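Student: The residues making up each chain are set out below.
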Amino acid sequence: MRQIFDILANDARVTPEQVAAMTGLSEAEVRSTIEEAEKDRTIVKYKTIINWEKLGNEPVMALIEIRLQPQRDVGFDAAAARIYRYPQVRFAYLVSGTYDLAVLVEGKSLHEVGAFVSEKLAPLEGVQGTATHFLLKRYKEDGEVLEGGEEDKRLPLTM
Amino acid sequence: MRNRIAGRLDRIPPSGIRKFFDLVSSMGGVISLGVGEPDFPTPWHITEAAIHSLEQGYTMYTSNSGMIELRREIASYLKTTYDLDYDPNTELLITNGVSEGLDLAVRAILDPGDEVIMPDPAYVSYPSCVLFADGVPVRVPTSCDNQFKLAAADVEARITSRTKAILIGYPANPTGAVMEIGDLADIADVARHHNLMVISDEIYNLLVYDTEPVCFASLPGVKDRTILLAGFSKAYAMTGWRIGYAAASADLIAAMTKIHQYTALCAPIMGQVAAIEAIKAGEPEARRMTQEYDRRRRVMVKGLNDIGLTCFEPKGAFYAFPSITSTGMSSEEFAETLLTEEKVAVVPGTAFGQCGEGHVRCCYATSLSNIEEALTRMARFVKKYRRS
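Chains Y and B, in that order, are what the protein sequence lines are. If you number the first sequence the way numbering that gives the first Met the number 0 does, the last residue is 158 and the count never jumps. If you number the second sequence the way numbering that gives the first Met the number 0 does, the last residue is 387 and the count never jumps.
Just so you know, the hints here were simulated from the structure itself, not pulled from any lab data. Source: prediction; values computed, not measured. Be careful, since some hints might not be right.
With a straight-line cut-off of 30 Å between C-alpha atoms, the simulated DSS-like cross-links for lysine-lysine are [said to hold, decoys possible]: (1) B:Lys382 with Y:Lys139; (2) B:Lys18 with B:Lys382; (3) Y:Lys136 with Y:Lys53; (4) Y:Lys44 with Y:Lys152; (5) Y:Lys152 with B:Lys279; (6) B:Lys301 with Y:Lys152; (7) Y:Lys53 with Y:Lys38; (8) B:Lys342 with Y:Lys152; (9) Y:Lys152 with B:Lys18.
Modelling step: build the complete structure from the supplied sequences, incorporating the hints.
Tutor: Below, the structure written as structure tokens:
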């Protein structure tokens with residue numbers, strides 16, 4: 000079963016028929032596993048990794064370190080939720096170390112991202128401080144190196 | 000002037016794929032199922048270890064036998080995995096791939112006219128290396144009816160007073176066949192009974208699916224007569240690093256080392272450093288790649304059978320060896336016509352021996368999308384030429 004998810008995590012476009020061929024499981028079994036996983040949100044969504052730079056309108060991104068005041072009973076969860084519900088927040092992780100929440104914020108311009116941080120995030124109740132790091136270059140996204148590509152360097156025929 | 004080229008070379012046929020190679024290289028848009036190596040680059044931690052060693056100035060010769068740290072790691076690996084004891088000081092030799100190991104092995108044991116029994120089809124170098132050593136290759140036919148396994152009785156039937164050794168290589172290139180422990184035990188019995196040596200090429204040993212790897216030398220009573228050849232090329236995607244090894248009793252390794260020290264001196268140091276990293280920490284990546292091959296293998300074998308190229312289930316290496324007789328073509332004709340008409344490159348089975356006739360080798364160490372596109376093209380091709 001685990002194999003089905005490994006395969007889809009690497010390539011969402013692989014069909015149930017192909018997954019069945021790759022794993023030796025029956026197609027029906029693969030289909031029902033996927034349906035079940037979609038229903039209970041084990042599979043959250045199917046998306047595409049895009050190198051926006053090639054389109055010439057790369058969004059501005061910033062990694063924001065946020066220090067949070069934990070709250071009685073709910074810890075960081077309530078404050079985190081108030082932050083991650085903003086659509087500008089692309090990733091949000093609770094982390095160990097000198098700050099608590101790492102979020103990736105996306106906007107159309109430096110100004111837009113800066114304004115979002117200073118006007119929306121920083122003033123939120125429970126937020127004790129932020130540090131903003133603008134992204135200068137994206138090398139690798141979700142396990143995929145963006146530039147170059149790995150063309151086949153092998154000789155076309157070898158014994 | 001006498002002939003410029005030694006007469007010995009006349010006995011060795013030119014490689015069966017030379018003309019395909021030239022043809023493929025001149026064409027664009029070819030999907031090649033004709034390679035004999037992984038499509039993954041070497042895992043980065045291995046490459047990085049080698050880069051670091053180069054930066055540290057490790058660019059010199061190593062001892063003829065290879066770096067002692069690598070030999071110790073290999074000895075410990077063989078002990079843990081197969082409970083085999085080899086002394087890293089006297090019973091292991093690091094070679095330039097299994098290719099050199101094979102050459103050393105046959106040259107170390109053959110006198111002119113000595114016979115070596117080997118399967119047909121088999122890896123292209125087997126008969127040639129024996130001929131270079133003035134030995135006589137004796138081929139044992141194998142077929143898909145028996146999953147291209149080497150039958151002990153067929154070996155026994157070809158033993159003469161000149162037979163010196165049996166040369167096996169399982170999991171097999173080009174067939175993908177494996178020999179289960181029982182099959183190998185039968186070969187071991189024959190070797191013991193007739194006092195023969197065994198050269199066992201186990202370069203694909205870690206690439207097995209739904210079965211456990213078996214090391215021939217670990218079978219009862221054959222370690223002393225066996226030269227085990229293995230290496231890092233396939234399982235760790237390290238073909239270009241050229242690192243293999245030979246494990247055998249001290250007299251054999253001494254004989255092989257004698258040739259090696261004068262002809263190769265040593266295996267490349269950067270490759271040896273990389274191999275140390277591979278054997279110490281490469282297993283998770285090797286396992287990941289093997290799992291990936293397994294998925295592609297299933298797609299390839301099912302696909303070939305679906306389009307009418309019957310294919311037994313290969314349980315090792317990364318090759319499928321389907322029958323193409325449904326098209327009425329010879330292997331060469333099939334490979335050449337398929338390449339010209341559909342731009343899919345496969346290797347004719349006859350490149351690996353006469354018994355490869357009626358088959359082609361399809362390597363599935365390529366992306367799933369390549370495999371599927373190749374299968375689509377081959378389906379169209381087979382439909383066009385199929386003789387019902």
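Student: All hints are to be evaluated individually against the structure, with a verdict given for each.
Tutor: Hint check results:
For the given pair, B:Lys382 sits about 44 Å from Y:Lys139 by alpha-carbon distance, which is inconsistent with the 30 Å threshold. Restraint check for B:Lys18 and B:Lys382: satisfied, since their Cα atoms lie roughly 26 Å apart, inside the 30 Å limit. With a C-alpha separation of about 13 Å, the suggested pair Y:Lys136 and Y:Lys53 falls inside the 30 Å cut-off, and the hint holds. At most 30 Å may separate the alpha-carbon atoms for a hinted pair to count; Y:Lys44 and Y:Lys152 exceed this at roughly 34 Å.
As the CA atoms of Y:Lys152 and B:Lys279 are separated by approximately 27 Å, the hinted pair is consistent with the 30 Å bound. Annotation: proposed proximity of B:Lys301 to Y:Lys152 holds, straight-line Cα distance about 28 Å (limit 30 Å). Taking the CA atoms of Y:Lys53 and Y:Lys38, the gap is near 35 Å; set against the 30 Å cutoff, the hint is violated. Distance hint between B:Lys342 and Y:Lys152 is fulfilled; the C-alpha atoms sit about 18 Å from each other, no more than 30 Å.
With a CA separation close to 20 Å, the supplied pair Y:Lys152 and B:Lys18 stays within the 30 Å bound.
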